[in-house]
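So the chains spell out like this:
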Amino acid sequence: MDAYFYIILVVGLLSTVLCAGAGILKKAPNDATILSVAAVELSLLVYLVGSIVRVASGEQIAGEPWEFWGYLVTALMLPVGAVYWAILERTRWSNFVLAAVGVTALVMAARMNQIWY
Amino acid sequence: MTASQQGTGDAAAAADSPSTPTAAPAPRDTRNTGPGRLLIAVYAVFALSATARAGYQILTKFSEAPLAYLLSAFAAVVYIVATVSLAKAGRTWFKVSVTAVLVELIGVLVVGALSLFDAVNFPHETVWSLFGRGYGFIPLLLPILGLIWLYRRRPAPRRP
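Protein chains in written order, with my numbering: chain R, 1 to 117; chain H, 1 to 160.
Only chain H is shown next, with the shape it has when bound in the complex (with noise of 0.2 Å):
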């Protein structure tokens, strides 16, 4: 962030505080509120699914596709840790998860056009494969949203 940006959220943040009894005490450093909700419980569905997933192309066919399936289960975590840190309030949570969301985007971003262009190497499925086309692309759209609301909620810059 920038120091004028700093200045205004500042700014804005020093017009906001004094005033604003009237919404639900709802403190500005939290995302598990409002259309956080939905992306939490997206991101845990897919926490879910990824996690399962890994774990049987790990536990049943590990050999075929060491690679591949190193990388559904390390979609796995990625997905897990975007959950659990979605739903914390706070700023370390917060710098997790913009951790956790990019690098779903990058993954979601190389594993696909991997997978597009290096068909021989990456021929097994993992959540990623083209751009989450088997998940109907909410893989690829997933981390966008994230980055958005991660955004619109990122915590009021420190005092001096």
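Excised from the complex, chain R in its bound form (with noise of 0.2 Å):
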């Protein structure tokens, strides 16, 4: 597990317990738990940045460079649909929505950093 494995672990996990705990107090969807998801989404776009210096400079991605990429641009993609599917309706549940964004963005993270390495 690298850098980026961690920085998405912590902000994921944060946002996270942030949006469910929103959802629980019965709240709708803020600045808060949208900026949280946003910020997981900039992690994956560290991610992404990283990943492409790395391929770019001659490192070998150990598994299949196409299955990693796919989870990489997948889970970008969560974020953003997360977001909109948020706000499109915002009640409490919404914010249980965005909560699922940082666990599935960490496990998915996860399985890149297995594909990689």
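Everything hinted at is true.
Simulated crosslink set (EDC-like; lysine to aspartate or glutamate; CA at most 20 Å straight-line):
id : chain 1 : residue 1 : chain 2 : residue 2
1  : H       : K61       : R       : E67
2  : R       : K26       : R       : E89
3  : H       : K88       : R       : E89
4  : H       : K95       : H       : D29
Ranges between beta-carbon positions, derived for each pair:
id : chain 1 : residue 1 : chain 2 : residue 2 : range
5  : H       : I58       : R       : K26       : 37 to 45 Å
6  : R       : A110      : H       : L109      : 26 to 34 Å
7  : H       : R154      : R       : V80       : 28 to 36 Å
8  : R       : M1        : H       : G134      : 13 to 21 Å
9  : H       : L147      : R       : V10       : 31 to 39 Å
10 : H       : E64       : R       : Q60       : 24 to 32 Å
11 : H       : I58       : R       : I24       : 36 to 44 Å
12 : H       : P157      : R       : M1        : 48 to 56 Å
13 : H       : R154      : R       : R90       : 22 to 30 Å
14 : H       : K88       : R       : I87       : 16 to 24 Å
15 : H       : F62       : R       : I24       : 43 to 51 Å
16 : H       : L109      : R       : Y84       : 29 to 37 Å
Quick caveat, the hints were computed from the structure, so don't treat them as lab data. All residues carry an ideal CB built from backbone N, CA and C; glycine is no exception.
Grab the two chains, each in its own frame, and use the hints to assemble them into the complex.
Printed below as a string of structure tokens:
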């Protein structure tokens, strides 16, 4: 597991706890929960840029490269889709939708790390 | 549904309909609001991951375990149908949802049991292997929550 994974681990868990907590407190999605999901997106973008730099500088992906990139691109779409889905109907339940992003990104980042090494 | 349930449902709907302009204009015959949105989101994630996984298995190593990988593909289709039908309003989509979620429940139970008791013939992983243990048992939980949600949001019985 590398730094990219740990960044997503921390940011993802924080975002999930924040969003789930807001949902439990019966709040609708607000700036804090949406920004926390944006932070997940940002850490995934850092992973993307870092990975492009590493591949460009000659590092080899141990597993299937297209599987790695498939995971990464899919993970990048998740926060966007979840925020879209959440603001279409701003109820407490949408915060649980946002909460799912962090853990999902975390699981996908773990898998990406496995593929890379 | 029995006749008596239909009767009470009808009465409730009749009592409801004239006096519910207070809440947002949420037609009763939808399942894509409130908790349903979370359910649909989780189904969408599973549809996506099951499709990707089945596609990967079939494209790269289909001959190793055709049955398991066809099951993966079948599971992916079930998740896609469930996601789409849950997001749609109306009686027909409700029936599609019920069918898809029931098939999903049977699938996870049968495949889970087979992978447990007949590990020789089911050594290859699918979403439903070991009752979805590889996915935190969410595949087992999801159809149960789905059926509860569908029951709570079942369409009002047709007026005679």
